[in-house]
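J.: Each protein sequence line maps, in turn, to chains A and B. Each step along the first sequence adds one to the number in numbering that gives the first Met the number 0, with nothing skipped, and position 36 is 35. Each step along the second sequence adds one to the number in numbering that gives the first Met the number 0, with nothing skipped, and position 432 is 431.
In short, the hints are calculated from the structure, not lab data. A hint or two may mislead.
[To be verified] With a straight-line Cα cutoff of 35 Å, these simulated DSBU-like cross-link-like pairs (lysine-lysine) come out:
no.: 1; chain 1: B; residue 1: K490; chain 2: A; residue 2: K88
no.: 2; chain 1: A; residue 1: K5; chain 2: A; residue 2: K158
no.: 3; chain 1: A; residue 1: K5; chain 2: B; residue 2: K112
no.: 4; chain 1: B; residue 1: K483; chain 2: A; residue 2: K158
no.: 5; chain 1: A; residue 1: K17; chain 2: A; residue 2: K92
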Amino acid sequence: MNELVKAEAIGFSNQEIKVYLERMDTNRSFKVNQLVFYPYFFFEYELESKSFFHPIGGAVGCTVDGVNGVGAVIDISPEFKEQEITAEKLIQKELDTMEAKGIAEKFLYNSISYKMKVLSMPRMKLIKQEVFYRPYWIAEGGTYSSNQFLLTVDAVTGKYHPL
Amino acid sequence: MGSDAIVFIIYLVALLSVGIFFSRKASQSVDSYLLGDRNIGPAVTALTMQSTSMSGYMFLGGPALAFQQGWYAIWYAIGDAGGGIVNLSVLGKRMRRMSEILGALSPIEYLEKRFESAAVSVVGSIISIIFLFAYVFAQFIASGKALEALTGLPYEWALVIGVSVIIAYTVVGGYLAVVWTDFFQGIVMVVGVLGILVMGLIHVGGLSGLNHALGQIDPSYLSIWGKDLEFYGQWGVIIGAVLIYSIGYMGLPHVVVRHMSMKSTKTVKTATLWTAIYNQLFAYAPYLLGFIGIILLPNLADPEMVIPTLAYTFFPGIFAAILLSAIMAAIMSTSDSILMQAGTILSRDVYQRFIDKKASQTKMVRVSRLSILLAGVIGVVVAINQPPSVFALVVFAFGTLGNSFLVPYVCSVYWKNANKIGVLCAMIGGGLTNILWTSFDWQSATAIHPFLGGLMVSILGMIVGNRFGSTPSKPIQKAFEDAKGPRTLPKNIEKNIARDIGPEARSIADFIGNNAPIKG
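Using the sequences provided together with the hints, build the complete structure.
T.: Here it is, written out as structure tokens:
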């Protein structure tokens, strides 16, 4: 069954990932065929501060991992379009929007208070919220069963992590 | 106002200008402000770590101990020189992997998630706050003494001005400003202290001349057992003196957090090399200057003034002012980070949890800032009325933090069945023992250093307490196994792993039915 969701576009094709990984480890071949879509919440806030030393303004974006609830500040607003994705590729989110919003605000306040070292917090006004999915490739490395390994590769940024 | 005071003010204004420059530059975009550290390389990372770790203690407390005890003090320097390396090699990799798996962002949150207990978080937070503030008080006192030497103002005034400067710097500096001023300060600190060491050694005829002169004054200065062989045969004191700075760093939340937040393996490796080189150059010099002080400043009333006095003795006023500015730099770069961290822990983990569960974030930040201000006022009052020595206060605060957290952090990655009761006993037992051992001077009666005493009780608390707790849950046991390493990945692939997508990788592994992730 297909679901209509907002998803980010694939930045690195499976072939590009394969070439990239094989260039890093020339003794090994990689198979990059499987794609999964991972859920995130995106919140964008407008900030206002009148402090002389930190005349901060503009917007700040925060994503919240829809399964683990981990927040992250992001420097570029993600672009996504509606896509139909089959259920076997779609990881279901485990948080609801209110929970995610709470996590995002707490995370942003902590980041701001710790890193910016301000005496008073800037005002934060929610201007955008979305649920979106990010594509991840599954890469299989190795030719023999004894030294095989799996990586998941962020199809937007190319960052990877072992599974 | 003397020319040296003018130099100091110019230095301070320059430092604040760097702070304002980076602060305003970064403020043009929120994103660059909050993400500004993405491009910080290993050298800057290493120097910001070291200038934060090496506080005013290294310029005042350490030399004072050397001035009073002779070569015995070198035990502390040995620990300090190797502490960073021990910390990284014992705890570094496993803890980074574990914190990545658990998705923990702060050392206290890490303990809470690893041991599945809110009580661990609360007790950990309370201990952190109290002793981080004690650590900062020591910096306040150091700033008062340094400014007193520089400006000739009465200690009380110097203290108030010094604390005001620290608070102003904390307010002005953003993250980028802190990183870059720390880098600059780290260089000034090592160049300044090595410069005065070279001048000092020339005056006493090198290391041989130094030892010869010390032997003439009192042969026991050359002993590793302390002046008048005070600690003769007391291995418990010697071992404690080495251990406090060689393994104690593993128990300091504000140091441990730096390892957790490192970006990649590449950065870690090179930063470790920079740290090791910096520590070897820096850690011994203040103690050697303490020995030189015994010879050249025999009538010095306050041992903590060895370096400031030597600076004025050997250097023209302007150079001395630059060196003393470096002392203030060391104090400021340590104080602002600790103050901010203690305030944040207090508001998040104590105020919101116990006093006002529904407190808004704005209110919490206000609470955090008011706590910092209150701590500043209390610190000034205590330091004016009865200033303890910087050495005693730093060793006390450092030792208590180390005794409270060292065993829990190490057990979190090396003992699979370590549980919350064990950790609570280790934290409370270790910390409390250090406090009592120091307060009632049990070192004299037992010949055991307070840090070693606290460490033994903490280990005992962990072992005994653990028998009364339940076995950690399956996910935690799995996380423990996953954090063991070494990874079975090819070297080049391993080098560029993105740690920040660790939680996603874990969930994706579950989703695709791969329940045997590669260890690492």
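J.: Confirm or reject each hint.
T.: Do the hints match the structure? See the list:
| no. | hint | in the structure |
| --- | --- | --- |
| 1 | K490(B) to K88(A) | 30 Å, holds |
| 2 | K5(A) to K158(A) | 21 Å, holds |
| 3 | K5(A) to K112(B) | 32 Å, holds |
| 4 | K483(B) to K158(A) | 23 Å, holds |
| 5 | K17(A) to K92(A) | 28 Å, holds |
Of the numbered hints stated above, none is contradicted by the structure.
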